[in-house]
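Participant: To convert, note that position 114 of the sequence shown is 114 in the UniProt record's numbering; the numbers rise steadily by one, no gaps.
What the hints contain is simulated information worked out from the structure, not anything from laboratory work.
Be aware that one or more of the hints could be misleading.
Said to hold, decoys possible - The calculated EDC-like cross-link candidates involving lysine to aspartate or glutamate, where the alpha carbons are at most 20 angstroms apart (straight line), are: (1) LYS403 to ASP311; (2) LYS645 to GLU402; (3) LYS860 to ASP839; (4) LYS822 to ASP784; (5) LYS605 to GLU593; (6) LYS410 to GLU461; (7) LYS667 to ASP740; (8) LYS410 to GLU304; (9) LYS751 to ASP839; (10) LYS419 to ASP320; (11) LYS403 to GLU304; (12) LYS873 to GLU801; (13) LYS70 to GLU170; (14) LYS824 to GLU801; (15) LYS676 to GLU626; (16) LYS750 to GLU876; (17) LYS349 to GLU369; (18) LYS506 to GLU801.
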Amino acid sequence: MTPGRLDRTCTLWFRASMLYHGTIQILARVQGVSPEMDATGSVAAVESALDRLNKQRGELEELWAARKLKLDLCLRLRLFERDALEVSSRLELWSEELQHTELSRDTLQAEQLLRLHNESVTHMQSTTFQVLQQGQELAQVFETSGLSLMADSQYSAQTRVQVLLEFLHEREMDLEDLAEMKRVKLEQCVQLCQFQNDANQVISWIRNGEAMLMASFAIPICLQDAEQLKKEHEQFQVAIEKTHTSAVQVKHRAEALISANHYDPQSIRDIAEEVTKRWQQLVTCAEERHKLVTASLNFYKTAEQVCSVLDSLEREYKRDEDWCGSSNEKVGGTAPCDKATMVSQLINKHQEQKEAFLKACTLARRTAETFLKYTSRSLQYYSYQGEAGTRNADNRVKNILEKLLSQENKVLEHWTQRKKRLDQCQQFVLFERSAKQAIEWIHDTGELYLSTHTTVGQNKEETETLLSEHNEFKGTAKETRERVKLLIQLADSLVEKGHAHASAIKQWVAAVDNRYKDFSSRMDKYRSQLEGSLGIKAEGESRQDLSIDRNSDPLLETKLKEAANKELKELNEEKRKSARRKEFIMAELLQTERTYVKDLETCIKSFLHEMNSSATVPSPIQSKEEVIFGNMEEIYEFHNSVFLKELEKYETMPEDVGHCFVTWAQKFDMYVKYCKNKPESNSMLVQHGGSFFEELQKKHKVEHPIAAYLIKPVQRITKYQLLLKDLQSCCEEGQGEIKDGLEVMLNVPKKANDAMHLSLLDGCDVSLDKLGEVILQDTFHVWDPKQIIRKGRERHIFLFELYLLFSKEVKDSSGKAKYLYKNKLMTSELGVTEHIEGDECKFAVWTGRAPISDYRIVLKAANLDGKQTWVKKLREVIQETYFSTALPLSMPKSPAKLKSGSQRSSRDLEDSMSLDESVENLDRGSLASFGSGNTTDSDKVNHPNTKYIYGNLPLRFGRDSPLCVKRDQPQHPSHWSLSHCSNPSLTSPLCPDNPPPSPGPRPVWNFKENIIIRDCFRICWVVLIILIALHSYLRTTHTAHGTIVRACRTEYSSHFTPIFAQRTPHMEQSLHTKQIGHRALYQ
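All chains should be modelled from the sequences, with the hints used to inform the complete structure.
Facilitator: This is the structure we're talking about:
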C-alpha cells in the first residue's frame, strides 16, 4: 500500500470511530432524556458536530479523488518520459546508422542493404508513432482535466510533454529525410560500382609504382651508382606512362557522371580527387627521385672533373718555366716578338685560370649541397631507417669535399708562386726593354751625333754653333741619363729582393752602364775640345753633366718613385685607384675580423664562463646560458679556427675574397640560429640579468656591457655586406666571386627572418621539417573564388619548393602574433597569371587546365617589385617541380690523361666550366599529372613526346617526337608555336610491370616564352654590363683619397642600426633612405 493510501485509511478509521461513539452517546441520552430535561443543549451540540463531520468527510473524499488523479498523471508522465528517452536513444542509433556513408559497390549487397534499410525505417516509424500517440493522449488528459503539475523545478508537465513531442517529431522528420537520402544513395549506388572499380585499379597501379620507387631507392655513393640509379629511374618512367593515361580516363568519366546529374557528385569528385591525389603523390615522389638522380650525377661528375682539373693545374704550376727566356738570350740581343706583351697575356690568362678554377670549386660545392639536400629530403620522404647507407653517402661526399678543399688550397698556393714568377718575368721584361731602349738610343742617336761632330770648327762662329748644338743635344741626353740612373737603382732593388733573374739583370746593368759611361766620357771630351777652342774654362760640375753618379742627384729617390708611379699610370689611372681602394677595404676586412674574434673571446671568457662557474647567478637565468648567449661559442670557434685564417689567404687577392664566403657559406647558417634566438635573449637579459652582468663587467674591466657583445654577430653579418658591396664597386663586372659572396651574406638575415616567421605557423597538417626551407614569405591581400563573400582578405603566404601555403595572422591574449594555417597548394599543380586588369600589383595563381575564374586565386602585393619577385620565384619553383625522361644530361666527358701541360689543363678547365650551365639548367621536363597546372598564361596541353626545332637544329625530347615547333613567321621568333606531328592513340591501362609499347603523355614546354625570356635576358644582361661599367667608371673617378674614403665609410656605418637594437626616428629614417639590411627579425 502506498503512503498516500495508508494516510487516507487511517484518517477515515479515526473519523468513523469518532462518529460511532458520538452516535452511541446521543442514542443513550435520547432514550433517557426528554427535550424538557435537556436544558443545556448538549445533544443538539453533538448532533451539530456529527453533521459537520459528515460534511468534512465528503470534502475529504473529494480531495483524495483529486490527489489520486494527480498521482496517476504523474505516473503516466514519468512512463512517457522513459519511453521518449528510450526512443530518443534508439533514434540516435538509427541516425548514426543512416549517416554511415560507406556504401557497398556490389549490386546484390546494395539491394540487400536497401531492403534492410526499408525494414528499419518502418520499425523506426512504428515505434516513434506509438510513443508520439502516448504523448498526445497524455497531453489531452492534462488539457481536459485542467490540472497544473510541475514536471520539475523549471517546466510544467504540459510543457514537458509538448517539448518531448516536438523533439521526437523533429527527430523523426530528420531521420525520415536521412532515410530517404540513404534510400536514394542505395538505389543509385550501382552506378558507382564500375567507376569505383576502375579507380581502385588505377590506385593499385599507382601503388605498384610507389613500390617500384621504394624498392629501387638507394643513395649513390659513386658515379657508377648514380648512373645505375638513372637507368632504373628511366625504366620506371616508361612503366608509369600508361598509368597516367588511365588516370586521365578516370577523371574524364567522373566529369561525365557529374554532368549527367548524378545524385552524389561529391562522392565522384572524392574518388577522382583520390586518384588525382595518389597520382600526384607518385609524381612528387618521382620528381624527388629525379632530382636525387640528377643531383648525384651532377655532383659526382663535377667533382671528378674539377679534381682532375686541379691535379693538372697543380702539375702545371709546379713546373719551373722561364717565360721571358732570359736564361737563353744573350745580353744585347733582340727578341723576335714583344715579350712584354706575351708575358702580360700570360699573366692575364693566369688570372683567368684562377677565377675559373675557384668558380669550378664553388660549383662542385653547390652541387654537393644540392645532392645532400635531396638526399635528406628523400630519406625523410621514405622515413628511411638505413643509417649505414646514409652515413656512407654523407661520408663519401664529405671526403670528396675535403679532398677538393685540400687540392684547391694547394693549387692556390702554387698559383700564387707562379704568379710571383710571372710578375718577376714581367719586371725583367720591362727592365730589359728599358735597357735595350737606352742602348739603342746611345747606338742610334748618341753615336750618330758623335760620329757627325768630330771637329771643333774652323772659326769661332762655327765653334760657338757647335757648342750650342752640343748643349742642346746634352739636354736630350740628360733624359737618357735619368733613365739609366733609374735602371741602375731599380736593378739594385730587384737584386736585393732576390729576383729570379738577378744575374741577367746584372748583365744588362753592366752593359748599359759600360755603354753609357763610354758615351758620357766621349761627350765630355768633345765638349772640352769645343770649350778649349773658345778659351772657356770648364768647371768641374759642368764637366760631369752626363755623369751617372748616384749621389749626383739628391732627388733621385723621389724621381724613382715618380717613375714607378708613371709605370702604374701607364696601366690605368682608374685601375690604380681601384687597386688602392681594394687593398684598403681588404685591410679593413681583416682588421675588423681580428677585432670581432677578440670581442667574441672576451664575451665568452668574461661573461659566459663566469656565468657557468658563478654561484651568485640570479635564479631566473640559472642554466639559461643557451638562451642568453645562443650558439656564440660555435660562431667563435668557426671564426677563430677557420674563417680568419681563410680570409688571410686572400690578403693580396681582395677580388677573390668572395670565394672564401661562398666556400664556407653553409657554416654561416649558424647565424640563422643565433639571430632567431636573439629576441628571447634580449628579453631575458633585460628582465633578469642587468645587475649580475654589470658586476662581471666591472670585475673583468670589460670595456662594453654584455648587450654590446651579444649584438656583435648580428652587426658582423651586416658589416660583411657593406664591405663586400664596397669591394664589388671596385672590381670589374664578373671578376671573382664578390657578387656570390655578397649574396651569401644577404641571405643570412633573410633566412633568419624567414625562420622566425615560420616558427609562428600553427595548425599546419604538414610538419615544418617536411615543408623544407622558406623561399619567400610575405603578406598579401587575397581574393579566393571559393569563398561565399568574395572580398579581399589579408593572408601571410609562405612559398616552399613543393607548397604554396596560406595562413592568417592573429594575436593571442598576450598580444603575441602567430599564423593560423588555412590551406596549401602544391606547386606542381600551380599556374601563374602575371597581369590582372585594373591593378599592376595583382597577380593570380590557379590550378587546373586553364586560369578560369572559378579556380583562380588573386593576390595583391604591397608594390610592383614585390609582385615581380614573387612571380619570378613562383615560375622557377613550378618549373623545378617537373621531371622528365626526355631531357638528356648534357655533361662533358671527364678529361683523359694529360698529353701536354698547360694546353691540356686549360682545355680541362674549359670543359669543367661548361658544367655550370648543365647544373644550372637541370632537367625541366615532367611527366605531369593530368590535374597539374603550368607556369605560363597560355593554354596547356599534354602530349607524349616533344620535339623542338630552333632554326635548322632539331632538339628532340623523347623517343617518338609526336610534337614539333613550327614558325608562323620566320622573321619573328616570338611567333613560334606547338603543333601535332602525330596523334598517338591512348589504349587501356596497363600495369607498370608490363611496360607499354608506346610512351604516354608528357607535358609540353612553353618553348616560345623560353625563347623570348632568353633573348630579353641576353639584351638586359648586355645593357646591365654597360651600365655597371659606366657606374664603376664614374664612381672611381669621383672617389676621394684613402682618408676621405675612411671618413665616408665611418659616417656610413654610423647610420646602421643593428637588427635587434632599440631604434630612434632618426635611425629609422636612415634605414629607409639607405636601404640597409632586411626587415627587423622581431617584427
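Participant: Taking the hints in turn, state whether each one holds.
Facilitator: Against the structure, the hints come out as follows:
Pair hint LYS403 plus ASP311 holds up; C-alpha atoms about 11 angstroms apart against a cutoff of 20 angstroms. The hinted pair formed by LYS645 and GLU402 meets the criterion: a straight-line CA distance of about 17 angstroms does not exceed 20 angstroms. The suggested pairing of LYS860 with ASP839 holds, with an alpha-carbon distance near 8 angstroms, which does not exceed 20 angstroms. Distance restraint check for LYS822 and ASP784: the Cα-Cα separation of roughly 12 angstroms lies within the 20 angstroms cut-off, and the hinted pair is therefore satisfied.
The suggested pairing of LYS605 with GLU593 holds, with an alpha-carbon distance near 18 angstroms, which does not exceed 20 angstroms. As the CA atoms of LYS410 and GLU461 are separated by approximately 74 angstroms, the hinted pair breaks the 20 angstroms bound. About 15 angstroms separates the Cα atoms of LYS667 and ASP740, which keeps this hinted pair within 20 angstroms; it holds. Of the supplied pair hints, the one linking LYS410 and GLU304 holds, its CA atoms being roughly 17 angstroms apart against a limit of 20 angstroms.
About 30 angstroms separates the Cα atoms of LYS751 and ASP839, which puts this hinted pair outside 20 angstroms; it is violated. Distance restraint check for LYS419 and ASP320: the Cα-Cα separation of roughly 12 angstroms lies within the 20 angstroms cut-off, and the hinted pair is therefore satisfied. In summary, the hint linking LYS403 to GLU304 is supported, as the alpha carbons are separated by about 11 angstroms, within the 20 angstroms threshold. For a cut-off of 20 angstroms, the pair hint linking LYS873 to GLU801 stands: about 10 angstroms separates their Cα positions.
With a C-alpha separation of about 29 angstroms, the suggested pairing of LYS70 with GLU170 is violated against the 20 angstroms cut-off. At most 20 angstroms may separate the alpha-carbon atoms for a hinted pair to count; LYS824 and GLU801 meet this at roughly 12 angstroms. Between LYS676 and GLU626 the alpha-carbon distance is near 12 angstroms, which keeps this suggested pair within the 20 angstroms criterion. Under the criterion of a C-alpha separation no larger than 20 angstroms, the hint pairing LYS750 with GLU876 is consistent with the structure, at around 19 angstroms.
Taking the CA atoms of LYS349 and GLU369, the gap is near 30 angstroms; set against the 20 angstroms cutoff, the hint is violated. For the given pair, LYS506 sits about 67 angstroms from GLU801 by alpha-carbon distance, which is inconsistent with the 20 angstroms threshold.
Of the hints listed earlier, those the structure fails to meet are numbers 6, 9, 13, 17, 18, in rising order.
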